[in-house]
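Visitor: Take a look at the letters that make up each chain.
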Amino acid sequence: MYDFAYHKPATVADAVKLLADPDAKAISGGHTLIPALKHRLNKPSAVVDLSGIAEMKGIKRVGNAIVIGALTRHAEVATSAEVKAAIPALAYLASHIGDVQVRNRGTLGGSVSNNDPAADYPAAVLGLGATIHTSKRKIAADDFFQGMFTTALEQDEILTAIEFPIPEKAGYAKMKNPASRYVMAGVFVAKTGGAVRVAVNGAGPCVFRQADMEKALAANWSADAVAGVKQSADGLNGDIHGSAEYRAHLVGVMAKRAIAAAG
Amino acid sequence: MNVVAPFEGIGASVRRKEDFRFLQGRGAYTDDFNRQGQLYAWIVRSPHAHARIKGVDTSAASRMPGVVAVFTGADMAKDNVGGLPCGWQIHNKDGSPMAEPPHPVLALDKVRHVGDPVAVAIAATRQQARDAAEAVGVDYEVLPAAVSMDAALKAGAPQVHDGAPGNLCYDWHIGDKAVVDAAFASAAKVVKLDLVNNRLIPNAMEPRAALGEFDPTTGDYTLHTTSQNPHVIRLLMGANVLHIPESKLRVVAPDVGGGFGSKIYHYAEEAIVTWSAGKLARPVKWTADRTESFMSDAHGRDHVSHTELALDADGKFLGLRVSTLANMGAYLSTFAPCVPTYLYATLLAGVYTTPVIYCEVKAVFTNTVPVDAYRGAGRPEATFLLERLMDVAAQETGIDRVELRRRNFIPTDAFPYQTPVALQYDSGNYHATLDQALKASDWAGFEARRAEAAKRGKLRGIGISTYLEACGIAPSAVVGSLGARAGLYEVGTIRVHPTGSVTVLTGAHSHGQGHETTFCQLVADKLGVPVAQVDIVHGDTAKVPFGMGTYGSRSLAVGGSAMMKAMDKIIAKGKRIAAHLMEADVDDIEFERGIFRVAGTDKTKALVDISVAAYVPHNYPIEELEPGLEETAFYDPKNFTYPGGCHIAEVEICPETGKVSMVNFTAVDDVGRVINPMIVEGQVQGGIAQGIGQALLETCVYDADGQLLSGSMMDYTMPRADDLAPVSVATHTTLCTHNPLGVKGCGEVGAIGSPPAVINAVVDALRDYGVRTLDMPATPSKIWGIINGGRRMAAE
Amino acid sequence: MPQVTLTVNGQTHTAEVEGRTLLVELLRETLRLTGTHVGCDTSQCGACVVHINGESVKSCTTLAVMANGANVTTIEGLAKADGTLHAMQEAFREYHALQCGFCTPGMVMSAIDLVQKHPEGLTEQQIREGLEGNLCRCTGYHNIVKAIAAAAEVMHGKRSEIARAAE
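Chains as they are written, first to last, in UniProt numbering: chain D, 1 to 263; chain R, 1 to 796; chain S, 1 to 167.
Calculated directly from the structure, the hints in this document are not laboratory data. Don't take each hint at face value.
Heads up, simulated DSS-like pairs for lysine-lysine below, C-alpha to C-alpha not over 27 Å straight-line [to be verified]:
id, chain 1, residue 1, chain 2, residue 2
1, R, K782, R, K455
2, R, K439, S, K146
3, S, K117, D, K176
4, D, K57, S, K117
5, R, K659, S, K146
6, D, K230, R, K782
7, R, K458, D, K230
8, R, K638, R, K573
9, R, K638, R, K569
10, D, K176, S, K146
11, R, K54, R, K78
12, R, K458, D, K256
13, R, K782, D, K176
14, D, K256, R, K659
15, R, K458, D, K176
16, R, K189, R, K316
17, D, K256, R, K782
18, D, K84, S, K117
19, R, K17, S, K80
20, D, K176, D, K256
21, S, K117, D, K60
22, R, K638, R, K565
23, D, K230, R, K659
24, R, K659, D, K176
25, D, K256, R, K455
26, R, K17, S, K146
27, R, K455, D, K176
To give an idea of the chain S side of the interface with chain R (calculated C-beta under 7 Å), a few residues [what the hints assert, rightly or not]:
id, residue
28, C40
29, D41
30, I75
31, E76
32, Q99
33, C100
34, G101
35, T104
36, P105
37, L131
38, L135
39, Y141
Glycine residues also receive a C-beta, built at the ideal position from the N, C-alpha and C atoms.
Next comes chain D alone, as it looks inside the complex:
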């Protein structure tokens, strides 16, 4: 990797100042940025380590939502009694991200800010209709994910926490890429306050909502309801591990499994 300056601010305000440099990169767990740096795909002038910012840590229940600090590691979400009680599907999702070592280091904020199409968390954020808290504002999930590796975050804007509304029901299922173990096709379903949301990750260039499935499930919350919904292969990803058609098919299978998991 190319060398860079390293900073470890203690507050969000200091971090924001450091990230005003357009060539600076934020790091928390490092499991996305470091592999990219090792392959020299990125040449940051500075790396700003957010892991010392206390205000971005922790899991708490606020009203009818679970608010999780951006620096919270996947393993913490997976084992949190609070999360397990309120949104078991979210704990389940976190417990299946990458491998044990990824979960020990990787963070919620890092994963969601990066918006890798094959990452797990974006499906939960979009599927639960979460609200993203940043150093500047609050952003609805529907406005946050804008395209492959692209979000509404500005250069000097830091994702600080995510507020997940507690659903009546939620479930997640995914098929992993056999080599990378990233998501090949995943579906997060949730019924929150009577509204149904279905988010699809892995299959497309960016996590997206499956409107036809949402409609079908709103009318009839059952695996059978989505069986009749055909996911179009148009615009989906295809690679040596599976065509767009295969991924489209998997979306249907994973939707059924996610609903079964949601109960």
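Model the placement of chains R and S on the given structure of chain D, informed by the hints.
Guide: Leaving out everything else, chains R and S in the frame of chain D:
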């Protein structure tokens, strides 16, 4: 207190001696060595599959921080550095030699695959070397590439080498075509099958590395390298590439983190660091990152075959006709030409009595990484072909697949058995391994398991493979007549120290096989010296007299036999010393497990009495016998060895996703005499994992431009713990008749026998979908494609 | 250059590193603890796994500076000073769970973390899934899974020793 020492000889599962250091992080792998003043090399590699080099500008790179030198192919040419040699010469059908185009260490005029080395940057740190390598300006004129074998053989295809017209390396054959054609003409049934044996990337967990050193005061070079055969590297690099006499070149292969064939070959980087160390008079180290491994380690397999089997009305085989295309990649790697010929076509009789066989093989140059031997090498390709053909033949003749195999087995009383493709099998019992495997796998009870799985919505299948391989390579005169440019004996030295402990020097090399334990057991068994008092030295040309290394499941059959021969010499000499000490006739001295005895008396001398006398020859037959107790033997095998057996795989397919899960795997192998059952089981388990990897997960994919799409572990599917299931491994022994240990070899059987068993199981699971051919790997998307596109044949 | 102070196997070290220096580079090249290995460059193989504050981490995907102040344990730090092996090391030897030894340090460190996180015990499937971050090319994992199961029983006090019955 009377302590009975645990039995440590042949047949005991002695826990491994080497594990103490590996388990405590004290192994010494090549990259663990660091020298005073050491520099780091980073290789500039071609990003193109095929391009002309119009110029290489090193000026900017040379001025980068920490940079000591940047060398190109032209710099090496000025020093008359030779090309990387090929160890085999195959001849065409017309008797002419194969095309053998030059393989420069650093590319000169052209690059021929993505990853082809073009220059090397050498700097004080690895990162500085990499920074400098990025600053080397190579002016490429990109040329169209011949990537697939099909494309390479087409008229007008881009030419990989000017010296290999039509991209043909050789067009070779074995067998009498006319006789085979006649057999087909009289056949009641002919079964045809087209197969692809998928290209694999070995991926030993330790990336290759090399550390070159030069002492300007003596002119001595030392190379530490990740090699399976340091003496061979010394010979090839010293004699052919760098022109350094053996006496001035020491090659050390310390602990090596897996090889599977990929670390047999002499690679460019070994020559680069050794030569650079000489130029700079400083140690130079290179360590591959995994991305480089993918594009520079020799790949494996990559055959496309058309095959035809002629049968009579009773299902007896009358003849076999095979036509194969074998990918050589861009250059000939050290062993490459022999893999699809003498390690492949000679195996096409398998365990069957097929009376006549004809096989023709075209070896093809393409703009891809060189292809060479990978665990099994040629034999997995032959076995996959035969065992897939068996199942298709069974289906098309209506004969049960087990019965069809049995009907054509070489009978147990037919050994030695001469095949129509050159080999003579010495021993085996294919019915016994089959019976044992059928029983262990509960073959008879399978339909109940299939029905139970169906209730859970899963498609369950069972598959079998009855296989044989030839290993323990190899009789030097035989391989010499076939085109090998080296002998394939092995060397062993037994050094009995004055106080009775023993050091064994062997030319075999352990990179996971447990030699440091198994070889000690031979000494324990034969000389009666406890395992704890025996040490194995290997992997260093300065310590071990000579050796041909470890590959082709040869270490015990050939290397172990050399040790046995050397121990025979120790015993013979010991008897003469014992006869002198006990004032007896040498012919009256008996030896067993460490004790010399005058026959029929209670007069004995222990081995330690003899060794003391040998090194302190106060009372010694000095006029007729030299002091000392150390013997060296070269063992050249009389024949190949022929392990074989039966593998049975059971799989379940999720019809929704197409994912194939291993549920059971049973192996019954005849590997000859078993020295350490624990280690043998481990070797077979590991081989099976690689075979399952080939069958279900792994494949190398290039795009049409020659870019490697499966170029990292993000895209090349390495088997993980949850991809595999427990395996049941057992042995059934018939002894090898021609080596002193009766051993056959166990390193490759797992990777040879298992892939067709798995694919046959997948095809069986999909029997309602009319699957006839199924290329490996059986990935979820491929299986889903079959299920989705297929018609459910059976009524439900 | 940034300075990093960390405790490795009970010893405190302070070193100057570049921002880009990986923890594994600090361990292998500066501290000469070469038991921790690098087998890939995509964070897949797990040969580099060490413990940071008791949890398994891929040291090839961690900047040395990020380990500032941390307590790091490597494979070299497992056995007791008198040479007694950790139960996991003993189990790997007893069950022949290693061949070439290259993946072994990372495998052992991951396995210990896995067992420690599951005092209730582990099924075979849980062990296999728990090894998702570690690749072994030699063993086919069969004996690794058995060794971890055996070590788990000893580490959680359900069995007193690793040794298998004589064969």
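Visitor: Does K146(S) sit within 27 Å of K17(R), going by the straight-line distance between their CA atoms?
Guide: 20 Å, holds
Visitor: Do the alpha carbons of K638(R) and K565(R) lie within 27 Å of each other, as the hint requires?
Guide: 14 Å, holds
Visitor: When you check the alpha-carbon spacing of K230(D) and K659(R), does it fall within 27 Å?
Guide: Roughly 21 Å separates the two Cα atoms, so the pair holds.
Visitor: A closest beta-carbon separation below 7 Å is what the hint needs, so does G101(S) meet it against chain R?
Guide: 3 Å, holds
Visitor: Between the alpha carbons of K659(R) and K146(S), is the straight-line distance 27 Å or under?
Guide: Measuring from Cα to Cα gives roughly 25 Å; hence the hint holds.
Visitor: Need the status of pair K84(D), K117(S): alpha-carbon distance at most 27 Å?
Guide: Roughly 17 Å separates the two Cα atoms, so the pair holds.
Visitor: Would the stated hint for I75(S) survive a check requiring a Cβ distance to chain R of less than 7 Å?
Guide: 4 Å, holds
Visitor: Under the criterion that the straight-line Cα-Cα distance not exceed 27 Å, is the pair K458(R), K230(D) satisfied?
Guide: Judged against 27 Å, a Cα distance of about 23 Å means the pair holds.
Visitor: Does C40(S) pass the interface check with chain R, least Cβ-Cβ distance below 7 Å?
Guide: 4 Å, holds
Visitor: For a C-alpha distance cap of 27 Å, please report whether K117(S) and K60(D) respect it.
Guide: Since the Cα atoms of K117(S) and K60(D) sit roughly 23 Å apart, the hinted pair holds (cutoff 27 Å).
Visitor: Do the alpha carbons of K117(S) and K176(D) lie within 27 Å of each other, as the hint requires?
Guide: Within the cut-off at roughly 24 Å; holds.
Visitor: Have a go at the L131(S) hint: is there a Cβ in chain R nearer than 7 Å to its own Cβ?
Guide: 4 Å, holds
Checked against the numbered hints given earlier, the structure satisfies every one of them.
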